[in-house]
Amino acid sequence: MKTEIKTDVVILFAGDSGDGIQLTGSQFTTTAALFGNDISTFPNFPAEIRAPQGTIAGVSGFQLHFGSVEIFTAGDAYDVLVVMNAAALKANIKQLKPGGIIVANSDGFDPKNLKLAKYPDGVNPLTDGSLEKFKVYEIDVTKITRTALADSGLGTKEMDRSKNMFVLGYIYWMYNRSLDNSIEFLKEQFKKRPDLIDANVKVLKAGFNYGDTVEAPMNRFEVKPAPVAKGTYRSIMGNQAAAFGLIAAAKKAGLTLFYGTYPITPASDILHELSKHKNFGVKTFQAEDEIAAITSSIGASFGGALGVTASSGPGIALKGEAIGLALMLEIPLVIVNVQRGGPSTGLPTKTEQADLLQALYGRNGEAPVPVVASYTPSDCFHGAFEACRLALEFMTPVFFLSDGYIANGSEPWKFPAAAELPELNVSFAKNELKDGEVFLPYKRNEKLARPWAIPGTKGLEHRVGGIEKENETGNISYDPDNHELMVKLRQEKVDRIADFIPLQMLDNGNEKGKLLILGWGSTYGSIKTAVREAIADGHDVSHAHVKYLNPFPKNLGDMLKNFDKVLIPEINNGQLIKVIRDKYFIDAKGLNKIKGMPFTSEEIKEKIKEMLK
Amino acid sequence: MTTAEIKLTAKDFVTDQEVRWCPGCGDYSILKQVQTVMPDLGIPREQIVFISGIGCSSRFPYYMETYGMHSIHGRATAVASGLKAARPDLSVWIVTGDGDALSIGGNHLIHLLRRNFDVNVLMFNNEIYGLTKGQYSPASPLGKVTKSTPMGSIDHPFNPLALCLGADSTFIARSMDRDPIHLREILKRANAHKGTSMVEIYQNCNVFNDGAFEVFTEKATKKLNTLMVEHAKPLIFGANADKGIKLDGFKPVVVDLADVSVNDLWIHDEKDQVKASILVRFFDAPSDENTLPRPFGVFYTEDRFCYETEMNAQLAYAIETKGAGDLDDLIRGKNTWTI
Chain A
83 MKTEIKTDVV
93 ILFAGDSGDG
103 IQLTGSQFTT
113 TAALFGNDIS
123 TFPNFPAEIR
133 APQGTIAGVS
143 GFQLHFGSVE
153 IFTAGDAYDV
163 LVVMNAAALK
173 ANIKQLKPGG
183 IIVANSDGFD
193 PKNLKLAKYP
203 DGVNPLTDGS
213 LEKFKVYEID
223 VTKITRTALA
233 DSGLGTKEMD
243 RSKNMFVLGY
253 IYWMYNRSLD
263 NSIEFLKEQF
273 KKRPDLIDAN
283 VKVLKAGFNY
293 GDTVEAPMNR
303 FEVKPAPVAK
313 GTYRSIMGNQ
323 AAAFGLIAAA
333 KKAGLTLFYG
343 TYPITPASDI
353 LHELSKHKNF
363 GVKTFQAEDE
373 IAAITSSIGA
383 SFGGALGVTA
393 SSGPGIALKG
403 EAIGLALMLE
413 IPLVIVNVQR
423 GGPSTGLPTK
433 TEQADLLQAL
443 YGRNGEAPVP
453 VVASYTPSDC
463 FHGAFEACRL
473 ALEFMTPVFF
483 LSDGYIANGS
493 EPWKFPAAAE
503 LPELNVSFAK
513 NELKDGEVFL
523 PYKRNEKLAR
533 PWAIPGTKGL
543 EHRVGGIEKE
553 NETGNISYDP
563 DNHELMVKLR
573 QEKVDRIADF
583 IPLQMLDNGN
593 EKGKLLILGW
603 GSTYGSIKTA
613 VREAIADGHD
623 VSHAHVKYLN
633 PFPKNLGDML
643 KNFDKVLIPE
653 INNGQLIKVI
663 RDKYFIDAKG
673 LNKIKGMPFT
683 SEEIKEKIKE
693 MLK
Chain B
50 MTTAEIKLTA
60 KDFVTDQEVR
70 WCPGCGDYSI
80 LKQVQTVMPD
90 LGIPREQIVF
100 ISGIGCSSRF
110 PYYMETYGMH
120 SIHGRATAVA
130 SGLKAARPDL
140 SVWIVTGDGD
150 ALSIGGNHLI
160 HLLRRNFDVN
170 VLMFNNEIYG
180 LTKGQYSPAS
190 PLGKVTKSTP
200 MGSIDHPFNP
210 LALCLGADST
220 FIARSMDRDP
230 IHLREILKRA
240 NAHKGTSMVE
250 IYQNCNVFND
260 GAFEVFTEKA
270 TKKLNTLMVE
280 HAKPLIFGAN
290 ADKGIKLDGF
300 KPVVVDLADV
310 SVNDLWIHDE
320 KDQVKASILV
330 RFFDAPSDEN
340 TLPRPFGVFY
350 TEDRFCYETE
360 MNAQLAYAIE
370 TKGAGDLDDL
380 IRGKNTWTI
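Protein chains in written order, with the working numbering: chain A, 83 to 695; chain B, 50 to 388.
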């Protein structure tokens with residue numbers, strides 16, 4: 083037995099959606115992070131809560147990439163594939179690197195499971211030689227778990243639920259990790275069932291010890307801590323970060339956060355997180371439908387709260403009319419869209435970036451809405467915070483875009499101190515009217531924002547609505563010239579936001595050159611990795627990642643024109659590219675993947691090489 | 050909240066906007082009664098908000114010198130829910146119609162009622178779509194000939210108050226545009242009720258559905274066809290108050306007071322949900338023979354917790370038990386590591 087040093091490792095835990103795969107993966111993640119590795123994760127699970135057992139459709143996966151170097155993606159291909167059954171192997175074997183390790187629960191390869199995974203009669207991949215180019219470690223996890231728990235007094239079903247702890251313990255052994263964090267977790271998780279704490283800890287240790295005692299020649303690996311910036315870190319998922327960003331913004335603005343929403347994958351975790359923090363004065367409202375979710379938030383904003391609503395594409399479609407209302411009312415509102423595969427119900431648990439055009443244009447009439455998109459799990463904190471800032475400063479609905487990949491993905495986060503966050507100065511309109519002067523609810527300030535006069539303010543009683551309104555007075559007006567003026571004013575207000583957002587920065591590469599990769603949203607990690615490697619290989623390529631999609635930063639056009647070619651990779655059929663071509667008249671090229679999966683960095687690197695030929 | 054030092058009058062609730070309903074519309078009377086009642090409620094103008102959806106009735110907020118929002122079709126109830134959740138201190142009034150509340154906004158209405166936000170719903174029922182120029186509504190009677198139903202409507206109509214009772218409404222009342230005194234009384238009762246007050250107001254659309262309620266509103270027929278219910282009083286109606294309603298088991302029957310003693314009549318009890326469920330089913334077409342009269346007044350009231358009160362209680366409890374939220378603690382979480 084020897085210990086091999088690795089710079090980075092990609093592990094996929096895969097099994098039935100009831101096998102506790104997500105838990106196993108997130109436990110390893112926390113332990114690796116606490117150790118000081120850089121890490122990126124990507125859970126991949128079926129839409130069904132308990133999809134048919136043993137089938138390919140029911141395979142749940144948790145991919146994690148950790149290293150002693152900086153990590154930007156969950157990894158292109160696996161070094162280690164942990165499979166609880168035959169279906170999990172069949173579904174994922176293609177992405178295992180040659181020479182990679184397979185840890186297989188042999189009990190999951192019995193004739194029944196082989197049949198469910200649709201292997202031909204009599205074929206078992208563990209024994210037919212088809213896995214020759216890999217290192218296969220077969221362990222009868224079920225049997226060992228049951229043996230370990232023989233005198234625990236638990237029933238077979240309950241014993242089998244600890245199988246994932248055996249696997250976790252074994253992988254901990256493989257990477258020489260401490261069990262402490264997971265033992266603490268189990269103690270907390272099963273506070274009310276001491277027997278289950280004992281059982282799970284016992285199986286976890288059994289997994290670890292199995293590595294030591296088994297006679298098979300098995301290597302262990304060492305992955306040293308990563309040389310990341312000094313500071314204090316935590317692990318964060320995108321939806322959690324978004325929830326924290328919203329709470330932080332409300333706190334910094336001195337407002338009540340009102341979150342009106344309707345459960346939908348993959349946005350619901352924001353609701354779950356927010357509803358835990360009522361001691362921040364957060365009011366979460368699970369409405370009867372998507373429309374009530376947004377209109378209740380509009381009502382709350384009208385009353386002086388920070389109104390936020392969230393959904394995914396199908397729900398956003400239902401909110402369209404109300405977004406138009408918020409825009410006409412000119413009140414602050416943040417609309418979170420955690421994108422998933424579309425159209426219609428589409429791919430509920432898979433990722434996609436196909437709602438950009440919906441955010442930009444998906445309403446009746448001339449209805450400009452600012453759009454902010456985050457690009458990593460931790461950036462969701464800043465993105466959500468920034469969306470709130472724009473909504474409050476400019477009295478407008480603002481879109482915050484995230485997607486399934488970063489929403490459920492996690493990474494270490496060098497989190498900010500509350501004091502470092504900017505104050506959001508909100509001042510409700512006061513009655514400073516002179517005798518005989520009437521209140522003008524649509525009189526604008528230098529940012530073209532109107533006053534936020536909330537009910538309860540004596541003397542500022544006024545009416546607002548979705549009908550076109552007269553400039554300044556806000557009274558109903560069907561006057562042709564007034565309508566044109568109001569449409570232009572609402573557009574101008576959004577355009578002027580460009581003066582109040584940061585200029586576009588290059589993420590990597592030279593300011594002028596042959597090729598710029600322009601990305602947005604969750605493609606960040608893959609593009610960053612690909613561009614880094616391409617530059618290291620001597621290619622003339624740069625990377626910029628747009629966070630403000632409406633309006634664009636003022637210098638974006640000039641930046642694009644400094645490059646001979648522009649490539650825009652997107653997890654859609656080409657959306658940002660349409661807007662960029664329209665606005666800047668450049669012949670940008672697209673790289674599009676629409677498989678419900680993120681790009682691998684290799685896919686982007688290949689395209690870079692092709693374009694630089 | 051400061052109480053109005055100077056006593057307000059109905060005029061103080063009139064805006065500078067020209068009222069644009071059709072001449073002769075029942076909405077004028079309702080607006081007048083609401084403006085008349087407002088000063089008596091003792092609520093400062095700035096604490097009052099009128100929220101409406103879309104339709105003729107939904108222009109209402111523009112004519113009330115309070116805070117107001119003319120929202121989108123069917124959603125006034127949902128907008129008001131969010132407003133009340135955020136601002137329990139406000140007096141929130143929802144103005145809606147039979148199309149707005151029962152058709153496009155039906156879902157929000159039933160959920161508002163079960164949550165029992167402390168708001169008031171004024172549903173102007175004219176049994177027609179007015180603003181879109183005369184299509185049948187979910188409250189139009191079967192067979193109704195309209196622009197969209199030239200051969201008569203084949204849609205079984207809602208019984209609006211039965212629907213509301215089914216959604217566990219805690220205050221159900223009916224009034225009419227043509228009975229100002231009654232309407233003002235009901236508005237005051239609605240305001241006084243803690244919880245969602247559902248008030249159906251029969252309103253004549255003299256352009257597209259003229260006379261839909263005339264048997265209930267015109268002198269010649271009103272007494273025979275309407276039943277004005279009052280708490281703890283027997284159900285009596287008729288040209289000379291000569292008829293009554295008696296319960297035969299669960300079946301209401303019309304009796305002649307010449308034959309039956311007043312003491313044997315159904316005594317209205319606003320707190321009795323079972324009886325209220327029978328009362329809301331007094332819904333016969335007035336033209337039918339041997340019909341039950343149409344009741345007006347407060348059918349049912351119930352004391353039940355309001356959503357916004359419980360929401361605030363949970364927040365207060367969370368702060369009491371966990372302490373006011375600290376942003377640094379939140380962001381840091383439980384597991385950190387330092388490099």
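Keep in mind that the hints were calculated from the coordinates and are not lab data. Please note: incorrect hints may appear among the correct ones.
[As the list claims (entries may be wrong)] The calculated label-pair distances, taken between Cβ atoms and stated as ranges, are:
no., chain 1, residue 1, chain 2, residue 2, range
1, A, M587, B, L90, 51 to 59 Å
2, A, K647, B, I368, 26 to 34 Å
3, B, L90, A, E514, 22 to 30 Å
4, A, G204, B, I388, 30 to 38 Å
5, A, K647, B, K196, 24 to 32 Å
6, A, M587, B, T181, 32 to 40 Å
7, A, E403, B, I203, 52 to 60 Å
8, A, K200, B, G382, 54 to 62 Å
9, B, K196, A, D581, 22 to 30 Å
[Unchecked claim] With a straight-line cut-off of 30 Å between C-alpha atoms, the simulated DSS-like cross-links for lysine-lysine are:
no., chain 1, residue 1, chain 2, residue 2
10, B, K324, A, K358
11, B, K60, A, K512
12, A, K540, B, K56
Just so you know, these numbers come straight off a predicted model, no measurement behind them. Virtual Cβ for every residue (Gly too), placed ideally from N, Cα, C.
Here's how the hints hold up against the structure:
no. : hint                           : verdict
1   : M587/A with L90/B: 51 to 59 Å  : holds (58 Å)
2   : K647/A with I368/B: 26 to 34 Å : violated (56 Å)
3   : L90/B with E514/A: 22 to 30 Å  : holds (28 Å)
4   : G204/A with I388/B: 30 to 38 Å : violated (53 Å)
5   : K647/A with K196/B: 24 to 32 Å : violated (60 Å)
6   : M587/A with T181/B: 32 to 40 Å : violated (52 Å)
7   : E403/A with I203/B: 52 to 60 Å : violated (29 Å)
8   : K200/A with G382/B: 54 to 62 Å : violated (43 Å)
9   : K196/B with D581/A: 22 to 30 Å : violated (51 Å)
10  : K324/B with K358/A             : violated (42 Å)
11  : K60/B with K512/A              : holds (24 Å)
12  : K540/A with K56/B              : holds (15 Å)
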